[in-house]
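Taken in sequence, the protein lines are chains A and B. The working numbering puts the last residue of the first sequence at 492; the count rises by one with no breaks. The working numbering puts the last residue of the second sequence at 492; the count rises by one with no breaks.
Check the hints yourself; a few may be wrong.
One copy or two, it doesn't matter: identical chains are merged, so the pair holds either way.
Claimed, not checked - Using 27 angstroms as the maximum straight-line C-alpha spacing, the simulated DSS-like pairs for lysine-lysine come out as follows:
no., residue 1, residue 2
1, 456, 480
2, 57, 22
3, 57, 47
4, 320, 348
These aren't lab readings, by the way, just hints derived from the structure by calculation.
For reference, the chains in residue letters:
There are 2 protein chains.
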Amino acid sequence: MAKEVTNRAENYSQWYNDLALKADLAEQSAVRGCMVIKPYGYAIWEKMQGILDGMFKQTGVQNAYFPLFIPKSFFSREAEHVAGFAKECAVVTHHRLMNDPNGGGVVVDPDAKLEEELIVRPTSETIIWNTYKNWITSWRDLPVLCNQWCNVVRWEMRTRLFLRTAEFLWQEGHTAHATAEEAQAKAEEMVQVYARFAREVMALPVIVGHKSPNERFAGALDTLTIEAMMQDGKALQAGTSHFLGQNFAKSFDVQFANKDGKQEYVWATSWGVSTRLMGALIMAHGDDNGLVLPPKLAPIQVVMVPIFRTEEEMNAVLDKMHAIKKELEAMGHSVRIDERDTLRPGFKFAEWELKGVPVRLAMGARDLAAGTVEVARRDTLTKETMSLDGIAAHIDGLLEDIQQNIYDKAEAFRDGNIEKCDSWEEFKEKIKTGKFLLCHWDGTTETEQAIKDETKATIRCIPVDTCVCKEEGKCIYSGKPSGQRVVFAISY
Amino acid sequence: MAKEVTNRAENYSQWYNDLALKADLAEQSAVRGCMVIKPYGYAIWEKMQGILDGMFKQTGVQNAYFPLFIPKSFFSREAEHVAGFAKECAVVTHHRLMNDPNGGGVVVDPDAKLEEELIVRPTSETIIWNTYKNWITSWRDLPVLCNQWCNVVRWEMRTRLFLRTAEFLWQEGHTAHATAEEAQAKAEEMVQVYARFAREVMALPVIVGHKSPNERFAGALDTLTIEAMMQDGKALQAGTSHFLGQNFAKSFDVQFANKDGKQEYVWATSWGVSTRLMGALIMAHGDDNGLVLPPKLAPIQVVMVPIFRTEEEMNAVLDKMHAIKKELEAMGHSVRIDERDTLRPGFKFAEWELKGVPVRLAMGARDLAAGTVEVARRDTLTKETMSLDGIAAHIDGLLEDIQQNIYDKAEAFRDGNIEKCDSWEEFKEKIKTGKFLLCHWDGTTETEQAIKDETKATIRCIPVDTCVCKEEGKCIYSGKPSGQRVVFAISY
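Could you put the whole structure together from the sequences, leaning on the hints where they help?
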């Protein structure tokens, strides 16, 4: 094999990095904490974007674009928001470079200092609500349902490709409503859009729930989340949707005349997913041979590797492959024939395995004569010799099977690593082994903090759709009464 | 009419601003020079993106993503590039804010100064070629054909919505090749992609040509451009494609082993179009009633306005409209039924005219009884009463006619305002009246500069595909011999 991948069991973190790098998804750039997303990685992100964007639009959301820069003073307006966000960020202070008068290359022109510093957006609530002020005067202007796809910057000290980078790509939806109920419903609708996307497209069996007050977004009254279990049993927060109440409307004075002609502050939501989803995809499904991509997100769904000794054999095999490719493309599948003539088939097999291509076909002259082809599945690493009759229809079905199988496998893994726990001693042991623990909690931040301090575990969410959690009990830490179990785990 | 638009004849510049603002395309933000692209404007940009992206991919280009920030030192590496680009830009000097110890809100933390300042990308040649160094070692790695869709920042002092903004959205393609010929051919291929997009999608009859050395991109050996004529006779540079030679490869030491095993520097191109295309679209086709959108870029291609006095009439008309909408959508058209019940039909007509919707249907109870509908074309402002039989098929054809008619109109306008000119006195008169003048030029920067100083006119391009220009003559300014005419105009 050309590129060795570290075993998960040996070094999970190194395995993750190997996959991101060696499958050509991304790499570190010359700028600290900023990554380059390579074409193969970006093609997966584009698929995510396309599908999510369609789902957003079906809910009535429209795309727009707001400025990259936010005046520093905007961050002072929403008190909680500044505490949560404005600290580690990129600050623009000057607007010109000049040639060093001493010949030392290019330097910042000290005369070009900005009157007010600009912050590179870490998230856009402030600039967007400042804009909405001009858009909203009456109940007739509501709701406003905007989303933007853009880059944001948070000056993270410890970065990891996709999971935590100084600059990342994301979408941020920002909606404005006439009532609290409508805004809360929109926040819930959008987290369910994320959950459906995670389950049906990414094959991720996520848990949907509310964040505890402690883990809420800065400025939110409620934060909803989708939480995914990675193969090391850790939780990854994969998307969040916030009910922001009237906090931003009050900070930026966004009022509307209601049907009775009275002025009221507008109600808000915001919701986002980012290139972090790429990290979730890698870690949830990958194996020791490389990436395992769900067919719905695979840039190449079927790869074909010809095997031949003579040019005549090559031509015959390639002819047949092109015919199958045409059929598959007509069904909407993306297919690549690997015609590179400087590489051995075994090398190609390993490379496409590393890149997670769901289905691989190999065919030589003998297969062609026998009317057969070798079909390999990436998810199970199994091979089968099949008749060429009806091969396209077979692969069409196989891709659906693989999508489902990847989900089922992830779900079985999750279900095997999530359990109820009612003993504090047991909790401390089990949480270390990579489990999601369903526990009673007394609802206080103090208890949550104490548990975190002792075990590093946090409340990932208070589930909304897991009926096993809806039962009375006693807090695992304080023993006080609790009305429902919550999900504890160690998280990324 | 709800929103008045300034007449073009009265104040062309104000007319442009009115269209951008009142048709809900964009507005200024709280950040100097940065615009907000509103949902209706962004929907047009999304259509442009989608179609261009497909055209790029057909040429083998893949998308990727490179960092927003560029280390300051990178700009010193390519001497011409720093002269042309690195001056007016946004400079990040710090990475943290803090609460003002004196209680004055949020301030920049002086301890969080970056060791090396970061520049918000004005264009990405430097960071991309620094990345390509790791991707390219052998001829087998070539060509590299990447594009990115992203935001860039150039600290413009005088800004106008879409035409010149501090932040704008664009795509930038960056390709790497083994030979000069291949790179030059790629630069030419991409300018022709832009020309085809401009003509077939934007209905803009652009002129394709080379820039004079003086107007080349900083660091390029050749710059190709598409130039469009606006309704005031000024030229708008709508897209450029550069052959960069080995300049960036040398600055960032990107070499490859050729087939003979010898090390060579890589050959480069870059090419881009931006949200400036939105400005071209507004100015090329708009009229005194508002936007005129070519059907291929219209977010709403057909709008239907019901006319009724009773609820019964309304229901009957809307039923029929929904049936037509379904038919049109099945043909791939986007349709909106304007069911708003607080607005008069006349108000709606004016609003959709302002927004440039290509086709408007109006129908009342009497039309329904007669089996007819009123069909209004935005491009010609004509109305026709038509039979409902086969109406969807008729509109399908009408949209094609409108696309062609908008192009034809723009082409006739351009052809009526472009002429050969061989007298310097005539040149000085005519250039003021908004003409493109085809003139002989002696090929020197001095002459070009002298003409610009006296008339503000610049060489827009040395056309590649206009045979009328291929003739011998004498320079209009110096009288020296010239082998071909070039296009002079005053530009945006």
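Status of the hints after comparison with the structure:
no.	hint	verdict
1	456 with 480	within (21 angstroms within a copy, 81 angstroms between copies)
2	57 with 22	between (35 angstroms within a copy, 24 angstroms between copies)
3	57 with 47	both (16 angstroms within a copy, 14 angstroms between copies)
4	320 with 348	within (19 angstroms within a copy, 58 angstroms between copies)
The earlier numbered hints are all upheld by this structure, with none contradicted.
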